[in-house]
Amino acid sequence: MADDTFMGVKRELIDWYPTIDYSKCNFCMECDKFCPHKVFEHRDGDPKLVVANPNNCVVFCRACAKTCDPDAITFPSKPETIAAIKKIREEGG
Amino acid sequence: MPKKYAILPCNGLDKAQGPLSREVALAVAEETGGEIICPVLLNNSSPRYEKLLGELPLLVIDGCGTKCASKLAANLNLKVDRKVLIADEMKTSVLKPEEGLSPGPVGLEFARAVATLISEDMPEEAVEDATSLFSAPVSYATFTHEKYIFRVPQDGFFFNENDCWVRVSGNRARVGVSDYVQQNLTDMTYFEPPKVGQAVEQFDEIGTIESVKSSMDLISPVGGMVVAINNALIANPEIINEDPYENGWVAELELTDLESDRELLLDCPAYLELVKKKAAETH
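So the sequence lines, in the order shown, correspond to chains W and Y. If you use my numbering, the first sequence closes out at 102, no skipped numbers anywhere. If you use my numbering, the second sequence closes out at 286, no skipped numbers anywhere.
Bound-form chain Y, shown alone:
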């Protein structure tokens, strides 16, 4: 059964991607019975779509890297279930839409192909994650700076200076972002996981989180292969705000060379000192 979305396309009028976003939105609505949200009306009068947004998951279709539709959703604190970026789809598709502001035959075929991908997309088979390996209770150190209280685990975690943590159990590890990050970014609206099976070197990007304020690529503290991702974050990215070090884990990896990676990581006390320094500089 195809998923029914509330569909928010971009409204770009000065580039090919905008009209193509609209064509994708129309095709998805036709194939799945979803409803299109006018971005201009939403921007001017959001109560108009309140009921719809409460009933259906939200699909955002951005045309280009400016991501106006995503920004509009973020400004209105809307949780996003699924995102498509037409500029990226154009790079990977064998169909190359014509230049120009009105979609030509290839452009329309491209739009239908993207819509079919969206409509037919089944959620990835839930890969079993190793929750039992990471269920020991965590104790936290806290420190207060002005009105902020920051938490850092007291041990059992390592950090890189990009504020991402790793928690190891044997040859398996979980990664995520620190409390400092979730407080800076504020309310999370979207989580783009890495791919299961993806090989990651230390300091490679491993997923993206977006909030009402900004977005951040997670920088992996360790190298390895992604063996599981936290599916709960896809529907509920706010778990990262609520519980960044435990239930807010982002991905699980099978490690390649932890000993070598550890040379470049901070232990908990060292990361606590780093957060104190960062808080003093920016808050």
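The shape of chain W in the complex, shown without the other chains:
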């Protein structure tokens, strides 16, 4: 997507995406089925589920974590993400 920014900051400079704990993931694929932004990808091979498009993830959305029965999905800290965004904005990035 052209001009892909969030709060004036280039999306790829913001660290916001789900992390899968593979020691807990049971590969039910509910997160992939739920997410409308194609953040996840179901693959043949190992692991069967990956975060393929982290920059598609809507900043501050954590909805997929609620679909995860084994609690295998975590997100970065919101306060840290907000601080990082503010810093980049101040630096004009």
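By construction, these hints were calculated from the structure, which means they are not laboratory data. Model, not experiment: these values are computed from the prediction. Using N, Cα and C, we set each Cβ at its ideal position, and we do this for glycine too. Be careful, since some hints might not be right.
Said to hold, decoys possible - A short, non-exhaustive set of chain W residues, derived as facing chain Y with CB atoms under 7 Å:
hint, residue
1, M16
2, E39
3, F69
4, A72
5, T76
6, C77
7, D78
8, K87
Claimed, not checked - Just so you have them, the derived chain W footprint on chain Y, three or more residues with Cβ under 8 Å:
hint, segment
9, 58-70
10, 197-207
11, 211-223
Please build the complex by placing chain Y on the supplied structure of chain W, with the hints as guidance.
Just chain Y now, with coordinates in the frame of chain W:
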């Protein structure tokens, strides 16, 4: 007088939560005189329960995060009055059901405790909200993209890029979701409010809305304390579709630091431009 529900439990057979959902449903039905809906029969033949669903409010009991019962209700466009998620109740209860597919003694005690919570739950005392502060008429800008017409207020509101708005009056503010959101999600079926008294930082989750299509956590545009929630949405979440910026308000907050929060918000013209961009990309 305990509330009488039409009760839709999950039907999970491969995990402990499914049988526990059933036990909760049985106990609620026994305590309140409500009626259980078989999810399999409902899925195959929904006219069978039409009368019941027209007469009684619907209680959905999901076993795990897959939320099959909720999905079934959403697929059938059913409005949900109350929801319980057994997996969450298991985390917060002091009673820890045994592992295994047949509920043991602790599991049955847990199920009865959850049923009692549901049956005895009185609606929260209606907290007075500050309607008089937010009753000035709102004028709207609209723009059309293909078959969609999107509305954005012309002023008096601020937005975050998660499509949630805030409308301020003194140190009090209301928050909600934009017209763009309600059109994307389509028919609302359920509203889970934040708790009155909850402290919220800017960009924290502040309530959840569910529709036939999906669900969304509202991301608060401002920090503060929740002082009121819109009780009308609990019985009628479709108000969000009908009137997202006025009667569809979700929560009222007492603000902490609006000036600081505003630096990261968009005014109405800027949000209108953002919606135009989003509409062009996705529709």
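How the hints compare with the structure:
1. M16: This hint holds: M16(W) lies near chain Y, its Cβ roughly 6 Å from the closest one there, short of 7 Å.
2. E39: Where the cut-off is 7 Å and the nearest Cβ of chain Y is about 6 Å from E39(W), the hint holds.
3. F69: Holds - the Cβ of F69(W) comes within 7 Å of chain Y, reaching about 5 Å at its closest.
4. A72: Hint holds; A72(W) Cβ to chain Y Cβ min 6 Å, cut 7 Å.
5. T76: With a closest approach of 5 Å, the T76(W) hint holds.
6. C77: Check passed: Cβ of C77(W) comes within 6 Å of chain Y, closer than 7 Å.
7. D78: 4 Å, holds
8. K87: Given a least distance of 6 Å, the restraint on K87(W) holds.
9. 58-70: holds (count 4)
10. 197-207: With 4 residues in contact (Cβ-Cβ under 8 Å with chain W), the coverage given for the segment 197-207 of chain Y holds.
11. 211-223: holds (count 5)
Of the numbered hints given earlier, the model fails none.
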